[in-house]
Amino acid sequence: MSDATGVIHDIGYQRYTGPRLGRRQVFGALYLHGVRTVFGLGRSAKAKIFPWLVVSVVTVVAAGVTAVRSQIGEVVMTYAQFADAMSWLVIFFAAVAAPELVSRDLRSGVLPLYFSRPLPRGDYALSKLLALVTALWLLLGGPQLVMFLGAAFTTNRGVRGVWDELLDLLPGLLYAGLWAVVFASIALLVASLTGKRAFAAGGIVAVFLMTTPVVGVLSILPSQTINQLAFVASPPTLVGGVGNWALGDRLTQGRGGMPIGDFGPVYAVAAVLLVAGCVALLLLRYRKVAAR
Amino acid sequence: MTLLATESLTKTYGGRVTALADLTVSVEPGIIGLVGANGAGKSTLIKILLGLLPPTSGRVQVLGLDPTTDPAAVRARVGYMPEHDALPPDLSAAELVTHLGRISGLPRTVARERASEALRHVGLHEERHRAVGGYSTGMKQRVKLAQALVHDPDLLLLDEPTNGLDPAGRDAMLALIHRIGTEFGISVVVCSHLLGEVERICDTLVAIDGGRLLRADRVSAMTTATDVLAVEVSEGTEELAARLTALDLPVTRDGRLLLVPLADDATYDQILGAVAELDLPLHRLDQRRHRVAELFAAREPSHV
Chain F
1 MSDATGVIHD
11 IGYQRYTGPR
21 LGRRQVFGAL
31 YLHGVRTVFG
41 LGRSAKAKIF
51 PWLVVSVVTV
61 VAAGVTAVRS
71 QIGEVVMTYA
81 QFADAMSWLV
91 IFFAAVAAPE
101 LVSRDLRSGV
111 LPLYFSRPLP
121 RGDYALSKLL
131 ALVTALWLLL
141 GGPQLVMFLG
151 AAFTTNRGVR
161 GVWDELLDLL
171 PGLLYAGLWA
181 VVFASIALLV
191 ASLTGKRAFA
201 AGGIVAVFLM
211 TTPVVGVLSI
221 LPSQTINQLA
231 FVASPPTLVG
241 GVGNWALGDR
251 LTQGRGGMPI
261 GDFGPVYAVA
271 AVLLVAGCVA
281 LLLLRYRKVA
291 AR
Chain L
1 MTLLATESLT
11 KTYGGRVTAL
21 ADLTVSVEPG
31 IIGLVGANGA
41 GKSTLIKILL
51 GLLPPTSGRV
61 QVLGLDPTTD
71 PAAVRARVGY
81 MPEHDALPPD
91 LSAAELVTHL
101 GRISGLPRTV
111 ARERASEALR
121 HVGLHEERHR
131 AVGGYSTGMK
141 QRVKLAQALV
151 HDPDLLLLDE
161 PTNGLDPAGR
171 DAMLALIHRI
181 GTEFGISVVV
191 CSHLLGEVER
201 ICDTLVAIDG
211 GRLLRADRVS
221 AMTTATDVLA
231 VEVSEGTEEL
241 AARLTALDLP
251 VTRDGRLLLV
261 PLADDATYDQ
271 ILGAVAELDL
281 PLHRLDQRRH
291 RVAELFAARE
301 PSHV
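So the sequences go chain by chain: F and L.
The numbers in the working numbering rise by one with no breaks, and the one at position 82 of the first sequence is 82.
The numbers in the working numbering rise by one with no breaks, and the one at position 245 of the second sequence is 245.
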């Protein structure tokens, strides 16, 4: 139109003939995007405040524990106990992260853009779940690693001391994984029910808050069996029960622990059923959402 | 090659609400207008084409593939622009389109390149790095179109792409869709409840009503031999009408206008000649396309 001082050559539309990635890589991309979302990476500064505040709190606690241990030689917290002690922080973290992952998409109506792509609808939900599990596990496992490094560098029993420390760390990390799986599946299921993030966050905290008194009531009923099974009723105590049974002294440090009697395996089965139920409901939920 | 084909396609919700009833239609590649009133079954048809809804009965093919048995293969080659708001407000257009490109299976760097290309093609340049929440409706519609284009589909399904746009925005969007259909080599299905809008850019029209097919045909087949010339003179309309009738042109009157069927280019010369001979002040002479709506209106739905 005008004279050619700065001509922009319109090279026109280019067809794409290169490779198209398969289901696995697409799942991986969505998963990684989810993990980044939880920690506010690639998002506004405001979205980073809460996750990194929690991360810094757990790290500071771990550093403190490590420092005390290296100074006075007393083990304030085992790796597994650390996960227990941080459970409320994990609940709040999940209550903020899960709505970020799924409620936001429900609200903005972006889901039709996902489900009109080759991605199977179950993959969307599962990649988000896996992202939240990873984030929670990193939240608990990262500080444990700090504690391990602190202990490993200050040990006075050489390689053998490091090896013993590692054997303590691994069950701790597994236990952290259990926390992550149970909390993530509950939180994501609740968050997937509403597009309002505040409601979702409230709902998640409520699930954990409301079930705690139930445990209290059940544990004072005049039946030893019911008392010993009472901790099944609330997710945090359920996880604690499984830990008591599977880890024993590593969690209790000889201080008694939860009175679950011989019902350890029942707790383990209950935890598995809880997670399986949440995942099944989550997939069902997205079958309905996708068809809308 | 057939672009889309349905055979006795029926969809009922809960056994009572009928969204599509015995729809049989087959269209060739090009720009296809899918027109019908709200609730005619357009969105249901699109969801079946994408494999998001299973049909109650009947068969459907998209690009030679069956979306009921192989939805992933269909969706890999189709781009979909939904009718409603579908953009997270806090992401930038570039981030969102890149991300959705990756979900379509593009490698990371390719997704980024193609996202900015797609956004450039729809007319978003520097603003693509701003958060979508601050965009105008027209810009949001363009982002929705760009995300449908990012993975280089063979078919675009656009659900009411001009929704919420002002007249200038509508024209720009329609021009863009026409360009995609003609220059990019991508077939486009445009859903709209405004027939007058899509008929301007489509080469095939499919009209549905109450889930039934009203008519499906090429626009050229619908409008050939129906073009007329409208002549208006400031005075002497009667004389001109008499003169044109004498020239064997079948003139009809429409208020102050004279309508003459356009046989070929010679018709223009004949009319201009007659006006010049009578020395009349010619007010206007233009070609009028019969609105396709008139073709549909003339047919009773129940007879089809």
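Simulated from the structure, these hints should not be mistaken for laboratory data.
Please read these numbers as outputs of a predicted model, since none were measured by experiment.
Possibly wrong hints are sitting among the right ones.
Calculated cross-link-like contacts (lysine-lysine; reagent style DSBU-like; alpha-carbon spacing at most 35 Å) [as the list claims (entries may be wrong)]:
{"#": "1", "chain 1": "F", "residue 1": "K46", "chain 2": "L", "residue 2": "K140"}
{"#": "2", "chain 1": "F", "residue 1": "K288", "chain 2": "F", "residue 2": "K48"}
{"#": "3", "chain 1": "F", "residue 1": "K196", "chain 2": "L", "residue 2": "K140"}
{"#": "4", "chain 1": "L", "residue 1": "K140", "chain 2": "F", "residue 2": "K48"}
Hints, one by one, checked against the model:
1. K46(F) to K140(L): Answer holds: K46(F) to K140(L) is near 24 Å, not above 35 Å.
2. K288(F) to K48(F): 32 Å, holds
3. K196(F) to K140(L): The given pair, whose Cα atoms are some 22 Å apart, holds under the 35 Å limit.
4. K140(L) to K48(F): Measuring from Cα to Cα gives roughly 26 Å; hence the hint holds.
The structure fails none of the hints (numbered hints given earlier).
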